[in-house]
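K.L.:
Single-letter residue listing:
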Amino acid sequence: MRVALLVTHFRAEEKLILAAFNKRDISPDIILDRELNFDISRGSEQLAPSGIAWSAYDLIFERCVSTSRGMYALAVLNSWGIRSFNSYETAAICADKVRTSIALTQNGIPQPHTRVAFTPDSAMQAIEDVKYPAVLKPVTGSWGRLLARVHNRDSAEAILEHRQTLGDYNHHIYYVQEYVDKPGRDIRAFVVGDRTIAAIYRASNHWITNTARGGQATNCPVTEQLDEICVKAAQAVGGGILAIDLLEDARGNFVVNEINHTMEFRNSSKPTGVDIAQETIDYVIGQVEVVA
Amino acid sequence: MTDGTPLCPECDADVEIPTDAMENELLSCAECGTELEIMNLNPIELELAPEVEEDWGE
Chain W
1 MRVALLVTHF RAEEKLILAA FNKRDISPDI ILDRELNFDI SRGSEQLAPS
51 GIAWSAYDLI FERCVSTSRG MYALAVLNSW GIRSFNSYET AAICADKVRT
101 SIALTQNGIP QPHTRVAFTP DSAMQAIEDV KYPAVLKPVT GSWGRLLARV
151 HNRDSAEAIL EHRQTLGDYN HHIYYVQEYV DKPGRDIRAF VVGDRTIAAI
201 YRASNHWITN TARGGQATNC PVTEQLDEIC VKAAQAVGGG ILAIDLLEDA
251 RGNFVVNEIN HTMEFRNSSK PTGVDIAQET IDYVIGQVEV VA
Chain V
1 MTDGTPLCPE CDADVEIPTD AMENELLSCA ECGTELEIMN LNPIELELAP
51 EVEEDWGE
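Protein chains in written order, with this note's numbering: chain W, 1 to 292; chain V, 1 to 58.
Because the hints were derived from the structure by calculation, they are not lab data. Values in this document were obtained by computation on a predicted structure and should not be read as measured data. Note that the Cβ used here is the ideal one computed from N, Cα and C, for glycine as well. It is possible that some hints are incorrect.
Lysine to aspartate or glutamate pairs mimicking EDC-like chemistry, simulated, CA-CA at most 20 angstroms apart [what the hints assert, rightly or not]:
#1 W:Lys15 with V:Glu16
#2 W:Lys137 with V:Asp20
#3 W:Lys23 with V:Glu58
To list a few chain V residues with every Cβ distance to chain W over 10 angstroms, as calculated [claimed, not checked]:
#4 Pro9
#5 Cys11
#6 Ala13
#7 Glu16
#8 Thr19
#9 Asp20
#10 Met22
#11 Asn24
#12 Thr34
#13 Ile44
#14 Glu45
#15 Leu48
#16 Gly57
Extracted from the complex, chain V is given alone in its bound form:
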């Protein structure tokens, strides 16, 4: 993390967190495109989002 900016756990790039971010929200790393999940907001913790499972959908 640089200056409080969280890093992508996949590629180490800075990840911009939206101001209205929520815990357990999904977002994509702008650098590598990996889907991430915000596990904690204070301090910010990011993890790789779970792999899409076969029954996921609408």
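Pulled out of the complex, with its shape left as it was, chain W reads as follows:
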């Protein structure tokens, strides 16, 4: 099996993934996204930076930290019929919070009340529609960056003015959610295919609980209820290898907050006791072998 591992650079996760492939006697070619230069009309017979034709690869495993580079690379490669994990379609939906919310709605999956608006005035109305405190998020972004919890009209006006003045057009898409008063933690669940293989609680005194922002990871039992909502959420965005972020509302019900398509998991294998990299790669290898 010929595999290319597409990366921006190597972090702990990419090293674990490489080791997991090696454990199955597969040595992926490493392709850096900075070296990509596609002739879109020439197709898959052109050479990859590795020196062999793209068509020779049974699988591209995309792990770019740069969301846009990874997504557009998958767009090109999938258009040539080259298989990847995740697919372009899954990546494109997960990379865009509006598209993720639409997919969740279409599949009846609970999520925080969400509105989208395009001007500061309509965004102010959206914030007041979901009621204070509200949460403003960029439509593309990660690691808890540029999130704002808005408590009143004064702070809403200030944040909207800053985004309109200082942000590029992406920041003029106002994605507004109700604030879910969660119990000092959220849940990150790892879905591989049609199975939730592990989950962690991310606890923090701060309302942003990302481990990149200091949230502490502990094991979260994968109950039947948690598995069901996570697998449905994964399927709603096209399926693959995904991290589902969930909140528990005041009644203890799960709502899906975000879905990540190139998840980080370095802090999650230890508390869960699950080798997330190996589970992932074994699934991927199995899927490619089924097609072959």
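Go by the hints and put chain V onto chain W.
P.N.:
Relative to the frame of chain W, chain V by itself:
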């Protein structure tokens, strides 16, 4: 570089390279905390890692 130990391009401190290091791996300078990228393993070349861009993440 002292005795083959690479220096941090930011603060000139010695940077310890893990035995399982890879090209294009990120690591932090223990002295100044700057994030570095291993551009070459033999000989070891370090550069400042690229600044985090707005679309970076998971």
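K.L.:
Compare the structure with each hint and give your call.
P.N.:
Okay, the hints, checked on the actual structure:
Between the alpha carbons of Lys15 of chain W and Glu16 of chain V the distance comes to roughly 18 angstroms, so the proposed pair stays at or under 20 angstroms and holds. Between Lys137 of chain W and Asp20 of chain V the alpha-carbon distance is near 38 angstroms, which puts this suggested pair outside the 20 angstroms criterion. Only pairs whose Cα atoms come within 20 angstroms are accepted, and Lys23 of chain W paired with Glu58 of chain V is rejected, the gap being roughly 25 angstroms. Annotated as non-interface, Pro9 of chain V keeps its C-beta farther than 10 angstroms from every C-beta of chain W; the closest such distance is 16 angstroms.
Its beta-carbon lying about 21 angstroms from the closest one in chain W, Cys11 of chain V satisfies the requirement of being farther than 10 angstroms from that chain. No beta-carbon of chain W comes within 10 angstroms of the beta-carbon of Ala13 of chain V; the shortest separation is about 21 angstroms. At roughly 17 angstroms from the closest C-beta of chain W, the C-beta of Glu16 of chain V stays outside 10 angstroms, upholding its exclusion from the interface. The Cβ of Thr19 of chain V sits about 13 angstroms from the closest Cβ of chain W, beyond the 10 angstroms cut-off, so the non-interface label holds.
For Asp20 of chain V, the requirement that its beta carbon stay farther than 10 angstroms from each beta carbon of chain W is not met, with the minimum near 7 angstroms. Listed as a non-interface residue, Met22 of chain V fails to keep its Cβ farther than 10 angstroms from every Cβ of chain W; the least gap is roughly 5 angstroms. At roughly 5 angstroms from the closest C-beta of chain W, the C-beta of Asn24 of chain V falls inside 10 angstroms, breaking its exclusion from the interface. At the 10 angstroms boundary, the C-beta of Thr34 of chain V stays outside the reach of chain W, the nearest C-beta of that chain being 15 angstroms off.
Residue placement check: Ile44 of chain V keeps its beta carbon more than 10 angstroms from all beta carbons of chain W (closest about 15 angstroms). At roughly 14 angstroms, the least C-beta separation between Glu45 of chain V and chain W is larger than 10 angstroms, which holds for a residue marked as non-interface. With 10 angstroms as the threshold on Cβ separation, the claim that Leu48 of chain V sits away from chain W holds: the shortest Cβ distance comes to roughly 12 angstroms. Against chain W, the non-interface label of Gly57 of chain V is violated: not every CB pair exceeds 10 angstroms, the least being about 2 angstroms.
Consistency note: the structure conflicts with the earlier hints numbered 2, 3, 9, 10, 11, 16.
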